[in-house]
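Each protein sequence line maps, in turn, to chains A and S.
Mapping to UniProt numbering: the first sequence position 207 is 207, numbers consecutive.
Mapping to UniProt numbering: the second sequence position 315 is 315, numbers consecutive.
Only true hints are included.
Computed Cβ-Cβ distance ranges for the label pairs, DEER-style:
(1) S/GLU108 - A/LEU158: 52 to 60 Å
(2) S/ARG139 - A/PRO263: 33 to 41 Å
(3) S/GLN214 - A/TYR251: 27 to 35 Å
(4) A/PRO263 - S/GLU102: 35 to 43 Å
(5) S/GLY230 - A/TYR251: 18 to 26 Å
Worth flagging that the hints you see were computed from the coordinates, not collected in a lab.
Keep in mind it's a predicted model, so treat the numbers as computed, not measured.
Beta carbons are placed, not taken as given, at the ideal position from N, Cα and C, and that holds for glycine.
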Amino acid sequence: MATLRAMSGAPRIALLRRIDWPLLASAGILLAGGLLALYSEGLGKEGGGNFRKQLLNMSLGLVPFVLFAWLDPAAWRRRAHALYIVNVLMLAAVLALGFRAGGAQRWLSLGPIQFQPSELAKLFTVLTLATFLASRQDSIRKLSTFGLSFLHMLLPVLLVFKQPHLGASLVMLAIWLSVSIAGGVPLRFVFGSVAVAAGVLGLAWVTPGVLHDYQKERVIAMFHSDVQENGYQALRSEIAFGAGGVFGEGYLRGEQKQGRFIPEQNTDFIFTVIGEEGGLVGCVLVLGAFAFFFYRVWLVMLEADDPYAKMIAGGILGMMLFHTAVNLMMILQMLPVVGLWLPFMSYGGTALWLCMASVGLLLNVRARERPVLFG
Amino acid sequence: MFVIHAPRRPVLDARVLVFPVIAGLALAAIFLRLWYLQVVKGDELSERARFFRNTAVSRPAPRGIVFDRKGRVLAGVRSVYVVTAIPAIVRKNDWVLGKIAEMLGTDEQKLADRVKDAAWRPYLPATIMVNVGVQIASRIAELGADLPGIGIESQPMRTYPDPKTFAHVLGYVWTPNENDVARLADLDVKPAAYVGKLGIEYVYEKDLMGAAGQERLEVDAKRRPVRLVGRDNAVPGAQAILSIDAELQRLAVEQLGGRPGAVVAIDPNNGEVLCLASSPTYDASLFDGGISHADWERLSDNPDRPLLNRAASASYAPGSAFKLVVSLAAMRKGTFDPNRTFYCPGYYTVGNRKSKCLGQHGSISYHEALTKSCNTYFSDLAVRTGADAIRDEAIACGFNSQTLVDLRSESRGLVPTEEWIDKHRKPPQWYAGDTVNLGIGQGELRATPLQMANLVALVATRGRQYQPHLMHALRRPGAPAELTQPAMLHQVDAPEAFWDELTSAMADVIDRGTAVRAKIPGLRWAGKTGSAEHKHEKKTHSWFIGFAPLDHPRIAIAVLAEEAGHGGDVAAPVAAAVVRHYLRLDASTKAAAKSAAAASAVEASAARPSLR
Chain A
1 MATLRAMSGA PRIALLRRID WPLLASAGIL LAGGLLALYS EGLGKEGGGN FRKQLLNMSL
61 GLVPFVLFAW LDPAAWRRRA HALYIVNVLM LAAVLALGFR AGGAQRWLSL GPIQFQPSEL
121 AKLFTVLTLA TFLASRQDSI RKLSTFGLSF LHMLLPVLLV FKQPHLGASL VMLAIWLSVS
181 IAGGVPLRFV FGSVAVAAGV LGLAWVTPGV LHDYQKERVI AMFHSDVQEN GYQALRSEIA
241 FGAGGVFGEG YLRGEQKQGR FIPEQNTDFI FTVIGEEGGL VGCVLVLGAF AFFFYRVWLV
301 MLEADDPYAK MIAGGILGMM LFHTAVNLMM ILQMLPVVGL WLPFMSYGGT ALWLCMASVG
361 LLLNVRARER PVLFG
Chain S
1 MFVIHAPRRP VLDARVLVFP VIAGLALAAI FLRLWYLQVV KGDELSERAR FFRNTAVSRP
61 APRGIVFDRK GRVLAGVRSV YVVTAIPAIV RKNDWVLGKI AEMLGTDEQK LADRVKDAAW
121 RPYLPATIMV NVGVQIASRI AELGADLPGI GIESQPMRTY PDPKTFAHVL GYVWTPNEND
181 VARLADLDVK PAAYVGKLGI EYVYEKDLMG AAGQERLEVD AKRRPVRLVG RDNAVPGAQA
241 ILSIDAELQR LAVEQLGGRP GAVVAIDPNN GEVLCLASSP TYDASLFDGG ISHADWERLS
301 DNPDRPLLNR AASASYAPGS AFKLVVSLAA MRKGTFDPNR TFYCPGYYTV GNRKSKCLGQ
361 HGSISYHEAL TKSCNTYFSD LAVRTGADAI RDEAIACGFN SQTLVDLRSE SRGLVPTEEW
421 IDKHRKPPQW YAGDTVNLGI GQGELRATPL QMANLVALVA TRGRQYQPHL MHALRRPGAP
481 AELTQPAMLH QVDAPEAFWD ELTSAMADVI DRGTAVRAKI PGLRWAGKTG SAEHKHEKKT
541 HSWFIGFAPL DHPRIAIAVL AEEAGHGGDV AAPVAAAVVR HYLRLDASTK AAAKSAAAAS
601 AVEASAARPS LR
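This is chain A alone, in the form it adopts within the complex (with noise of 0.2 Å):
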């Protein structure tokens, strides 16, 4: 905290200096292959498919990218109620007041803009509790604090799972876990809670009525891959990338991806014109990025001396690296189809701005957690 209070005062050109370009630069490679991966697979569509409005996204993404990396962090763990409260009544209204797409209740429109309060949500519980647990760290190891950490997120995640958006619900619920690793909490507590959650989900599936029929059905498409608009989206994918083999069928040249083969092929399913298009080798280039990318996040957490930052730290890089394991092994029919984003590469707009934000959340932290010993 003595350190925070110090920067907060630095002059704006040495907090500029203190960026962590490794970090930027591989998200930056990251927002450039799926803007290439866009273009490509809107070619011939009309108007070239969702590229320009991925653009134009990015455009609007410099907005909470900038507000992120230049407020001090500090100043949303003092206004943590307020986050919270201001989460839950978004996540609320939509269920009240927001509009349906593909048989879920997701949408909030402000304005102009639409967007998904359920991607908000993950970027506010790591902040509100990060806050939480910052302020718990006395009591860390005790099996309260992990229990009440749980109650704190347990509305959120009900109210998103009930949109119903089951991918999101678990990527707050790995938010809630990366965020608990990184705040000190005993590591038997979370991975005992992983094990209870694994029963649970066990007994949703055999208990009518929890589990809505699609999401049975996208699991039990998994394991028949000629069945069903899921397995046949599944089929489609894989055909995709055994298409482009090792090197690929070359940039713009993918012949699954101009056929349209391949439903939500710009959003969820945006790697399979890297993997038609690039072969095997595009493919390891965007996981080396992706690897690189988790690697400066995880120097921001392991270098992090402030366990609020090092818990901002930990839940943003617990969500990126679920979102884009689960994603790719979804794609790839290793898990059902959950509908989970890539991040930096899938269109949707929410989607873009909280990947953004968090890059600026964490070069902000970064930045001021570095020492300066020569000024």
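Assemble chain S onto chain A, guided by the hints.
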């Protein structure tokens, strides 16, 4: 200003290593999965990708055009309109089919069935109705977007400029049945939408059908065409040039005047069929686009049997025209003696029966007997020559078997051989009277007009009989024409004196014998009549066979008129008209030739072949 990292050593405990471990495991699993899909299963999945991506639309090939020997079009190709439907769109607008059915005056269910059959390619237009009139087609085209999913395309379709005259030669085309599919499978081809059912269309199906074109399309996930990948243009069928002379054929049909009968003319020097007319005939164009039930019943129930090809698929007792075979048999057997006479009292006695002759010819020689068609003389000649020799000669001359002319369902005719008697007669006994009957072309003996024409062709060429055929040449796209080579079937070695005797007697048949009505001014030609009894209460079948000119013959002809009376009265004048026209001896020939030339110039395409 220097910014320096704090010389710190963060603790790498289990807590901080959880993240890299999970990330590492996840990324490794993802990499292995990618390796499996893109390297191990890459080829297999690429293959599946190709399958999913492509489809092909067949474009029908125009059937080969059929010309007569002078380049006149007998069977052409025209464009017809077809109504197409895109199944996916039609299904969403289910009222459309009802409207179309109403416009086309057809059953909605029939159209719906066609759409259903095509549903496996929901975004490609499928034909639901062929041969739509131009007015309805243009109305549908005008309505355009008001009839979602419905389109008009054109498709090549067989057309017959003179569908009645050549129906029995050309046959017709119609949708293939199981037999057609099986037959073409043996020929290694798949049937097109229409296949030849009879005649030339049937026999030369493989040559005439051409090869359908293909448009290879790339399709998307919903099998909507995305782009054209490639196109193989349809290869039109081979052009067929028949030996038929369209003018001659038309004249023959006209001469028969609708009465049941047939005219077959052959070039005796090579077996080319110049004319193969059967009467009454039918309109082959009734079949295009689907014959109606009423039309079919009218054709199949007609007592005159217009669908029967009397020239080749029906056989009749040849009557006295068969005396040529008896003469040949006698020559071979050594019983032929032009100087020998036989007394004709007006009948021939065999056993206790008397076989009637046409007149009382008194003492008569071979020459006079043939000229006047004396049954008594030929009964005696037959008895002296023997049934076996006559039967053998008949079979050698092509009776009792198909001539294998390029037509379908040819009749074999019948020679009552011993095997046949054993099988069909009870008791299986050959009587002396049967030999007498054989001598005058009666009894169970049956021959087709084609066989008779081929017989007289043999006499015309003094012993050379060629395979009769209709196909003069086939011209495949981009290849030189394949000419049908004449094939000699049978050769009779006989002294010139025999041929002189036989042909001069046949010339006298026309000059002063039974066929004086076949006389052609300025032409000496040979013939023989036949008046075959077949039912007591009915008139005889009227036959005439002949060849012209007497020296260096160019045409051999057989005419049959069912139940028309004496051969000299009915068949002979028909034959004379045909021969006169062919040899350009009639006054109208020049005018006809002129108009025919003009007509063929219009009918035929630029690539019109010409025979000579």
